[in-house]
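Asker: Spelled out, the chains give:
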Amino acid sequence: MRNPPVAWDAPRLPLVGTGGIVLLVLIPIATIVILGYSQLSAVRPYLAVIDVPISVVMGLAVAVAVTVASLFIAAAIRWARSPFPMWAYTVFLTPAAIPPLLLAFGYAGAANIGGVQQGPVLVAVAQFVVFLPLGVFATLRRVTALSDDLIPAAVNLGVTPISAILTVVAPQIMRELVLIATAIFILGFSDAVFTLFLAGPTPTFGQVMNGLSLGAANNLAFAVGIFYVCIVVFAIMVGTFVALLGNARR
Amino acid sequence: MLQVSDVTCRIGNRAIIERVTFKVPSGGKLALFGSSGSGKTTVLKVLAQTLPPSGGTAVLDGASLISDRGPARGIMVWQNHVLFEHLTVAENVAFGLIARNEPEANIRKKVDEILDKIGLPGFAGRKLAGLSGGERARVAFARAFILQPPLLLLDEVFSNIDVATKALLYGLIDEYAKLPRNHVVFVSHNHDEVVALADHIAILEGGQIKESGALKDVFRSPATIYGALIVPDKLSLSCRVKSQADGRLVVDTGFGELAAERPATETRIRDGADGFLVFAKNDASIARTKGEGTIWGTFLRVLPLTKQRAQVVLRVGDAPLAIEVPQEQAVGLDAGGTIYLRVTGTFFPRG
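Protein sequence lines, in the order shown, are assigned to chains D and G. Heads up: the first sequence is residues 1 to 250, going by the numbering used here. Heads up: the second sequence is residues 1 to 351, going by the numbering used here.
If you are wondering where the hints come from, they were derived from the structure by calculation, not from laboratory data. Just so it is clear, CB atoms sit at the ideal spot from N, CA and C, and this is done for glycine as well. Honestly, I wouldn't trust all of these hints.
[To be verified] What the simulated footprint calls covered on chain G by chain D, stretch by stretch (three residues with Cβ under 8 Å from a Cβ of chain D suffice, anywhere in the stretch; the number is not a length):
(1) 248–262
(2) 280–292
[Claimed, not checked] Here are some of the chain G residues that sit facing chain D, going by a computed Cβ distance under 7 Å:
(3) 37
(4) 67
(5) 82
(6) 85
(7) 215
(8) 320
This is chain G alone, in the form it adopts within the complex (with noise of 0.2 Å):
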């Protein structure tokens, strides 16, 4: 298990990341998504122990990851690989273990059983530079499962990676999170990546945790607006509580008001908390006049999904929305005219 509680880093008197708190069980593998500069990088430095936090302990399997001396145990895969340019394919690959005094032979041995694994055999004595992105990816790859950690820690790096390497990456790191005490933990701003590889999520943001536990809990039941956007084809309007009754809500968008969910977890909302009406792309449908329940935007075009489906492509205010309806109800919109929507959704406070 790995437990990172109240991990805090500063420089000077700003904090980058603030008391973060998740956990890890043997086996799992976490996402730690959030848009850029929200300090995703900063956490796995830490776990990394290539940045010593200003406060706050990572536990990993009873052992500190940040007073303990000695090789780090969670190792990482950098974004944009970070090989050592100088060296050949064998030379990076095996750097760790020369750093931990393996025998020759060993090395040798392992190389290039790790190379046929990750499908680069042959590649031993070839220099970086003739390399292609997929193929330093999996030289990055290589480099750390050869060390065979306990944490295996990725910064973003399915970026510009082709889907042939993607999937056999995926793979890779499916068969090492299934031995014993292996754990992952997994930097993300990619919906598609989130889905496809992990089982628990921790949202950061403005170098906080918003919301984390195991991803089909979050996409169940999200107790934040951060994770209702993680969910794929959500989609999100600015609003404002009008009122409430029998458990509903009614909110005003400032384009019409609409009737909402509240969010399972959030017990207390007063009228005139500002938040977000979420809403599923094809939970939105297109109605021919204003009237109850309905918000107005701008029409903008229409893209032909299926045979059945369509994309329409409008305005809300300053807000671009695309959302998925069927073919007939993309019928005869005028471009720069105005559209009226029926959406149903949750509303989630702000913060």
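Chain D with its partners taken away, still in its complex shape (with noise of 0.2 Å):
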């Protein structure tokens, strides 16, 4: 006698999400290591890309620079005595919206026009940038699940707004914080390290970082830091419009 069908239900989806946690993740990485071990010589040019510490400091400090923001910046989102303007969500998302590369010539540009030295300080500012809107979305999604009178309740028994993000609302989304922190130190370090491993072995993160530069296409990044701003100006507008078309139809 065959047994009936199995319905496709959400118990089975924790068993789905670890099986393809495993092939997408821990595979390579047993690979690399089964590698390393094996041919040693063949990889040592891939690990020379992580150039340690420079991209591992980077990759933190971003990664916690981007989770503090978020975390104040969804609170005085969530608090916030009025709704939060649609606009404001518009120029949040902005950034998130450019194509990486063309924000890092929009920085180049930028930089090489206002005379700033290119380097990792620039690379971590443009990194801070693109994340921020994962980051507070990521937050404001947790936080909106919190009480409306939380920090009214920590402020009313004395301490200061900030004192009740840090002793009240941060312990209460530790979790979400520590893994929002993760994936964009993995999101940052993996813009560098899944290029670079695809690429080559050469040149490496530290070379890209401290050698990042566009030379005689100067013209060309201004061309493009440009463009970049007109982008976020027609996102604004259209923003704008939709939050005002918004307004009138309600």
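Each of the two chains sits in its own frame; use the hints to bring them together as a complex.
Answerer: Right under this line is the structure:
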């Protein structure tokens, strides 16, 4: 006698998710480890890409900075006295909607024009801007589930709003904050690691960081930077129009 | 004395509360009574210094609750308690003392004392996750009481609390209010809570105070329909003044005409004025036939209350009414049939 077909139900999802993680994350890592032990000389050039400590320190710094900023921005949005305006969401989302390559050109162009030295600090700033919207929206999703009166209750008992965010809000969403920081660290790190691993063992991450220069492509960088600014302005205009249209229909 | 004068809160052009004015004497317990969305919690938030008003003043024993810096003097127990889930019971209770930089030894002593008093001895190290609704309410009260504030603000804190916990908390609030220079303002839309706890009342509707004063005065001679309906077991019928003579009114309910008293404080009522006839549940009786001074409705059902009394449920127009009558009046009524009522009550103008 045949068993009845098993429905595709929720209890199966964790199993499928775990399988996906094993397939997409753990197997590649295991492959590197196995290759590393069996053919170390072949893998060594790729490991140089990681270029500790600059990339790791920078990745951690960006991850922590984005997470902390996201916590405060999300708390400010969540507990703002008046509804957060739609155009501000649009502004927040703009960097996430711009392809990183375009953004990098924009930054490089702007840096060249402004005489700012290109290097790891500028990369960190760019990564911070790109990942901040992701951090804010991931944090906002969690703080929205907290009580409306959480910060007012803490403030009423005698702490400042900033202290309330750190002592009452942050501990209650600590697990999510750690996840967000980890995700941003991996995302930032993978920006370079994926590209360089897949492109080949040279140049190293450090070489890219320290030698980031467009040389003769200044004019192109300038044009792309202006293009980037135009896109941001356009996004703000569209966002404001949509928000106004929404208000008018309400 | 807590004196709240002309407090207004606006969001954009919309006034959440407007020119709210009331006072609470030292040792007084004022109920802010009103329907959902009437602005009660907003008033408490202003007094708790967590929401700056657009205008007006709130002065507690000579010092402003609005412009003064420093820790809030009005400590609030929030609806749903708003406890800090990552902290233990003791850490929750001690939160305000830690914010005030009290020495640790003092904090420990005070926390133990207040937990004993509130009926939670041995709960200090417990996480909140395992606590019942009543226990969580006690923690919320302990967190406020431990600061010994001159003004205790309670935002619908008694809903979903068991009877024993409610009795304990009523006792503690009474004890707190008896201490010199203490004041209580609590929000409620429950008549029983108001009767059990308040000695003063301010009735808030649409963001405005409709009536306020000592509870016994409002019960004895309400000035508005809002004050009239705060009295337990009162019912109301929409009506219009048809005529008046010798200080008495004749009102038309649309389902018959009735004689009505004037409210004690309302001297000028014009013919044709819209309003409500307010009467006690047991001030209505069933008449067998239509006659002068009766209204008609549709009989729905009868429920026995005691051996002598019964509750008769009927509908007058769209308004459902549940009146209390002697058992013998409730015999032989047909569900869905017409029923005649003789009612004596007081007319209150609308608004």
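Asker: Compare the structure with each hint and give your call.
Answerer: Status of each hint after checking the structure:
no. : hint    : verdict
1   : 248–262 : violated (count 0)
2   : 280–292 : violated (count 0)
3   : 37      : violated (15 Å)
4   : 67      : violated (16 Å)
5   : 82      : holds (4 Å)
6   : 85      : holds (6 Å)
7   : 215     : violated (27 Å)
8   : 320     : violated (34 Å)
In summary, the structure is inconsistent with hints 1, 2, 3, 4, 7, 8 from the numbered list given earlier, while agreeing with the others.
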